[in-house]
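**Q** In order, the protein sequence lines correspond to chains R, L, P and E. Residues 0 to 341 in numbering that gives the first Met the number 0 are what the first sequence spells out, letter by letter. Residues 0 to 341 in numbering that gives the first Met the number 0 are what the second sequence spells out, letter by letter. Residues 0 to 396 in numbering that gives the first Met the number 0 are what the third sequence spells out, letter by letter. Residues 0 to 396 in numbering that gives the first Met the number 0 are what the fourth sequence spells out, letter by letter.
Derived from the structure by calculation, the hints contain no laboratory data. Take these hints with a grain of salt, some might be off.
What the hints assert, rightly or not - Derived coverage of chain R by chain E (criterion: at least 3 residues anywhere in the stretch with Cβ under 8 Å from a Cβ of chain E; other residues may be distant):
(1) 206-214
(2) 231-239
(3) 263-272
Claimed, not checked - Far from chain P by the CB rule (all over 12 Å, computed), these chain E residues:
(4) R54
(5) G63
(6) I247
Think of the CB as a built atom: it goes at the ideal place given N, C-alpha and C, for glycine as much as any other residue.
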Amino acid sequence: MNFNFSDDQALFSESLQKYLSDNVTTKSIREFWTDNSHFLSSRWKELEELGFITANIDESNGGMSLDLITIALLVEKIGYSGMPEPIAEQLFLANPLINEFSSQINHNEYLAVAHDLAPHPNFLEDSKQLIFFQDQNPYLIDIEKLKIRSLESNDPSRSIYDFEANNLDDATKLESKKNLYEQVQNYGMVMSSALLLGLSKRIIDSAKLYTCDREQFGKPIGSFQAVKHMLADVAIEIEFTNALVYRAASSIQKNCSNATMHAAQAKFQSIKACEIASKNGLQAHGAMGYTWEMDLHIFIRKGWSYKGIWGSRPFVENLVFNNLKKDLPKLGATYTFMDNND
Amino acid sequence: MNFNFSDDQALFSESLQKYLSDNVTTKSIREFWTDNSHFLSSRWKELEELGFITANIDESNGGMSLDLITIALLVEKIGYSGMPEPIAEQLFLANPLINEFSSQINHNEYLAVAHDLAPHPNFLEDSKQLIFFQDQNPYLIDIEKLKIRSLESNDPSRSIYDFEANNLDDATKLESKKNLYEQVQNYGMVMSSALLLGLSKRIIDSAKLYTCDREQFGKPIGSFQAVKHMLADVAIEIEFTNALVYRAASSIQKNCSNATMHAAQAKFQSIKACEIASKNGLQAHGAMGYTWEMDLHIFIRKGWSYKGIWGSRPFVENLVFNNLKKDLPKLGATYTFMDNND
Amino acid sequence: MLLLKKETQNLIKMKIEFTESQNQFRSEIRDWFSKNVPSKPLASFDTKEGFEEHREWEKTLNQGNWSMVTWPTEYGGRALNLIEWLIFEEEYYRANAPARVNQNGVFLLGPTLMEYGTDDQKSKFLSAMAEGDHIWSQGWSEPNAGSDMAAIRATAVRNNDTFIINGQKTWSSRAAFADWTFGLFRSDPESERHRGLSFILVPLDQKGVTVRPIPQLDGEPGFAEIYFDNVEVDASCMIGDEGQGWEIAMATAGFERGLMLRSPARFQETASRLLKLYFDNQDVLSPSIASRVTHCWMQAEAYALNIYQCASKVMAGDKIGSESSLSKVYWSNLDHEMHQIAMDILGISSELKNEYLNNAASWIKGYMFSYSGPIYAGTNEIQKNIISERLLGMPRK
Amino acid sequence: MLLLKKETQNLIKMKIEFTESQNQFRSEIRDWFSKNVPSKPLASFDTKEGFEEHREWEKTLNQGNWSMVTWPTEYGGRALNLIEWLIFEEEYYRANAPARVNQNGVFLLGPTLMEYGTDDQKSKFLSAMAEGDHIWSQGWSEPNAGSDMAAIRATAVRNNDTFIINGQKTWSSRAAFADWTFGLFRSDPESERHRGLSFILVPLDQKGVTVRPIPQLDGEPGFAEIYFDNVEVDASCMIGDEGQGWEIAMATAGFERGLMLRSPARFQETASRLLKLYFDNQDVLSPSIASRVTHCWMQAEAYALNIYQCASKVMAGDKIGSESSLSKVYWSNLDHEMHQIAMDILGISSELKNEYLNNAASWIKGYMFSYSGPIYAGTNEIQKNIISERLLGMPRK
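Modelling step: build the complete structure from the supplied sequences, incorporating the hints.
**A** Dropping the structure here:
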């Protein structure tokens with residue numbers, strides 16, 4: 000039992016963080032909105048060359064076969080940066096499917112994934128292929144076989160789409176021994192949790208800086224006890240999100256029977272953390288935070304989207320509640336890390 | 000539409016308040032605990048002579064036929080005082096039943112009432128008769144026909160009892176055109192709401208005094224913003240309880256079809272107010288509040304009891320939730336004071 | 000006590016029901032609204048096009064004599080009392096009538112003019128306001144002043160019959176498209192804090208005025224910054240005397256004003272729509288949503304009842320002062336929670352800006368707006384300071 | 000990045016599962032507890048009778064070598080690391096074993112003695128403590144000091160080989176029936192605040208000591224005031240040097256100590272019992288109860304995971320300092336909420352002090368105790384100050 004990141008894990012994630020803070024500025028994010036430039040392909044290529052995009056692709060296919068805990072850590076950093084490109088989706092949704100169906104998928108391109116929990120794939124137009132589910136069965140289809148329509152997300156960093164297959168015969172049904180529908184659901188829950196965790200940390204950091212800097216009634220507003228406690232409440236919720244996210248990643252990695260439950264718990268808590276971070280963070284900024292000009296809303300807005308998709312609060316709460324009902328005899332302190340199949 | 004108390008109502012309640020603050024001291028309440036003296040009959044007699052005990056008995060039976068709004072106001076003051084004797088029960092539960100069954104009831108004595116929502120009548124041993132419900136049907140019985148057993152309440156001011164009728168034939172079935180079971184339930188909900196409202200006001204007043212007086216780090220603890228906001232939160236919940244309680248009393252008085260709904264709303268909010276008053280009030284007192292010696296717990300303790308009986312939170316929340324489901328078309332702003340029978 | 004025994008019939012004076020004439024009044028409004036409310040929602044008044052649509056609606060209201068219902072009849076109003084006003088608002092929200100683009104004028108500047116304006120000022124401004132010809136923005140805040148309103152630095156230098164205005168206002172609501180603004184300016188350059196301020200009206204098309212819209216969370220310019228660069232304003236645009244500005248600004252900032260801007264009907268209608276949203280989707284929702292919608296509905300009703308209680312007090316001659324801080328915190332938290340629940344229910348649709356199913360788009364807009372509640376009109380932290388210090392009497396320092 | 004490609008196998012080092020030997024250790028404990036935990040609950044240790052019953056249990060634990068599991072083997076412990084300790088606690092709560100009356104000694108004084116005590120002190124006190132012969136109370140707080148621990152006024156005046164102690168301690172947990180107390184006393188009468196304090200052990204049966212029990216909300220004396228009236232204590236009862244008291248008291252007040260006193264298993268077991276209470280009564284309960292129990296269960300688990308994470312950090316050599324303020328606020332609010340829900344579920348039974356149905360009596364006791372969580376060991380307000388100032392770096396003034 001060891002919850003510490005290895006030196007290698009830390010090093011790897013720090014180098015991503017360094018790249019992101021140098022390259023994914025809020026200025027570049029705003030340019031993205033006005034240019035409607037979609038993917039910055041140059042950035043994607045750079046990250047690919049650095050090994051991040053294929054980090055969890057099997058070594059046999061040129062990747063690094065990294066485990067999901069490391070991947071979750073990378074995705075947390077991506078959340079923190081507010082990066083528009085769908086690297087989180089590539090790592091958490093596409094790559095595991097590429098590993099499973101490598102012969103059928105063109106794995107040099109971004110692969111979009113749709114699911115009942117996130118039916119409007121991000122950056123669909125920038126991908127060559129889409130995996131989607133019909134009656135919980137997985138299909139692979141080329142983009143040109145789809146009728147697609149751009150939708151407007153409340154987060155202008157997200158390019159989302161509605162799609163329709165003209166004919167299901169255009170798609171390849173993917174055969175798998177696993178329940179892919181549930182697997183992708185679990186991956187999606189943990190991915191969105193890690194993103195929300197990163198976003199929450201970014202929001203509290205912004206609020207901290209702002210309240211220490213901004214003065215009112217002759218002193219920094221961060222010296223008022225009400226403002227302090229407002230951010231302390233955020234810090235508490237964030238603190239208790241971390242371990243949940245990494246346990247969920249570990250449980251999926253190990254194919255643990257409780258993976259769904261653990262993913263749902265991580266999502267529930269990360270929604271909670273991001274919500275209080277957004278509410279209190281914005282409150283601490285006062286009217287400034289409410290403007291489009293302040294960068295704060297870039298992160299709050301992304302949080303709003305990922306709270307709703309890949310497991311909304313009612314969805315994950317129901318998952319947990321129904322499992323508790325079923326597992327009543329196995330609920331004590333001695334079951335925290337137990338695989339209920341054991 | 001007028002939510003103001005009349006001068007007469009205000010005068011009447013102020014004179015009760017004056018009596019209570021002179022006579023029902025926390026010292027006398029503590030003596031009551033150690034003496035196990037039950038009723039202070041002298042006090043009961045005094046209040047009877049002043050017209051309070053029979054305030055809502057019909058004039059034909061020597062009372063004042065006061066309306067329920069005034070009675071709720073009196074009960075709020077009783078709550079504030081922490082008085083052990085069951086005057087609230089007399090006014091809200093016994094008197095309306097005495098008015099209805101005056102020929103069958105000995106109305107010069109305290110009449111105990113039991114109901115599924117409060118199955119352990121307060122001060123049963125000090126009453127001559129009991130009204131209880133069996134399968135929702137009302138019965139009147141003499142105390143000597145009952146097997147009674149004293150129970151220990153967490154509030155030592157409450158003398159509560161378990162009872163058993165040896166034989167249902169010993170009791171008189173009361174015939175009424177009204178649904179007495181529901182009526183008594185509604186009376187109980189509003190009575191306990193008014194008590195909780197009064198208790199909450201007492202608790203915040205105590206906390207206010209304590210925090211302005213007590214110093215730490217060289218200044219009164221009430222000057223710390225965290226302590227201020229803690230009590231401000233209590234003040235807000237109390238403020239929004241008042242009108243709910245008096246509307247519920249009015250709706251019962253008028254036999255409004257929404258009376259049950261209004262009573263449940265009043266109870267829900269008064270539970271909420273008293274709970275936050277207790278938690279924050281005690282927190283503001285620090286470790287002192289946690290002791291038996293400080294008077295604070297006298298009031299908190301009484302709140303604990305009345306939160307549980309005459310409509311617990313789950314019970315009243317279900318009432319409201321189920322009614323909302325049923326009344327969905329009649330839920331807008333224009334229905335606040337509507338009788339759904341109109 | 001004998002007195003009480005004799006006079007019991009008079010005791011029942013609290014009366015929690017509408018009178019016959021109040022009910023009749025309600026029918027009258029309902030009837031008018033049913034014939035006049037536009038069948039199709041107007042565009043947002045924070046767009047150029049929507050602003051003019053809303054101006055038209057103000058004119059329609061005025062034709063029915065429903066635009067300034069609380070104003071005295073001599074100024075073309077109906078002199079409604081507070082209870083009648085609450086009824087009016089309930090019907091307004093029931094009819095789903097358009098939002099009031101004219102709020103700043105009708106509720107803030109109008110009453111101020113009636114109390115402090117000269118006859119000329121009244122005749123010039125009040126009817127233009129009622130008729131929707133002048134739409135007003137407010138110019139209180141300045142950059143770096145935040146919640147500290149006395150830190151005003153914009154100047155108005157008297158020069159015979161004119162003022163020369165310089166400086167900057169911010170968070171000026173409606174200013175992006177409005178015709179006029181009103182605000183406080185420092186007319187005595189030596190003065191500090193609350194002293195030496197004057198209350199001055201400025202036409203926004205005047206030379207030297209630059210309006211820079213501030214896009215808010217929803218991307219629309221609900222506010223603007225106004226820059227004044229040697230703007231010449233006729234001295235007749237000053238309300239009251241030189242240096243009297245703070246007094247005037249404070250005089251009308253009481254309970255009634257707060258009420259006019261946030262009538263309980265608004266929150267009750269949101270709560271009802273939320274319940275419908277819940278019951279339409281309940282099969283896939285978790286227990287927490289059921290309980291949260293129930294709690295919100297109860298809170299909206301508690302808020303309404305409290306306001307009726309406060310209105311009764313005001314009508315009986317009582318003053319409601321710091322008590323409005325209690326309401327401010329209550330409604331702003333409630334409004335945010337209701338919209339947060341809607342987002343939870345909408346789930347995968349909660350990011351779709353143009354989705355009409357379940358009214359998603361309008362919930363999203365309301366959600367963003369609800370974030371401003373705890374901030375504007377005095378942050379909730381300031382309100383809690385007021386509650387504890389002024390209502391509970393706790394020590395300032 | 001090339002390095003990473005080569006070394007991928009080494010990357011997977013975070014390992015969120017127990018090792019074989021950890022599982023084996025768990026079985027060993029479970030086995031011992033199944034044979035040794037009293038079948039019938041003991042009386043409360045805040046009663047005379049219960050105190051002695053709990054002393055007996057300490058002796059039983061010690062016979063199995065389970066009483067001081069975190070102590071080094073040289074002092075009769077098992078030198079468990081933090082993860083093992085967490086496993087031990089999980090089994091302890093699973094077995095529903097009696098509460099530890101000996102907490103103050105095992106977790107607070109014991110480690111202090113090991114670090115700062117002389118050999119004589121260690122040999123005199125450590126084994127008596129482990130064997131349950133000495134039960135310790137703590138004497139930190141004083142009246143009017145509250146959360147401000149440096150405001151200590153009780154004095155210890157050196158007189159050759161003795162100290163003469165005068166003054167008063169309060170909120171001394173277990174002192175009503177304990178054998179000894181330890182605490183800080185001002186040995187330099189001229190000193191102020193943190194300086195001039197010494198760490199001294201005092202036998203409670205010494206002449207001049209008066210113990211006045213303080214009944215708490217449940218009516219039992221969980222605390223006491225201790226009055227010292229010229230109490231003579233041998234100088235060998237001082238730990239460390241004169242004036243070194245503050246340093247010694249602070250040295251061991253870190254994460255591990257907090258953990259020992261509030262292991263996550265306690266809250267997880269409460270959450271599980273609460274779920275059972277809910278499911279036993281669910282037919283008459285409202286949606287809010289369903290969602291609240293679910294949330295609490297999740298929080299208890301989040302707390303446990305966080306503690307495992309912190310324990311991992313400590314084992315890797317990191318210091319956990321102000322972070323424990325985050326846990327303090329979290330567990331104390333959770334504990335109160337769980338008991339509040341139980342009260343809601345119990346409804347009409349929630350006032351019955353001796354009701355065994357649904358375990359009412361024990362929930363009521365826990366409910367009252369849960370009110371102390373946000374207060375003791377540094378109020379939650381102080382914790383939030385620490386979080387914002389020390390962890391977030393916000394300005395003190």
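**Q** It remains to establish, for every hint, whether it holds in the given structure.
**A** Hints and how they fare:
no., hint, verdict
1, 206-214, "holds (count 3)"
2, 231-239, "holds (count 6)"
3, 263-272, "holds (count 3)"
4, R54, "46 Å, holds"
5, G63, "44 Å, holds"
6, I247, "36 Å, holds"
Consistency with the previously given hints is maintained throughout, with no hint failing.
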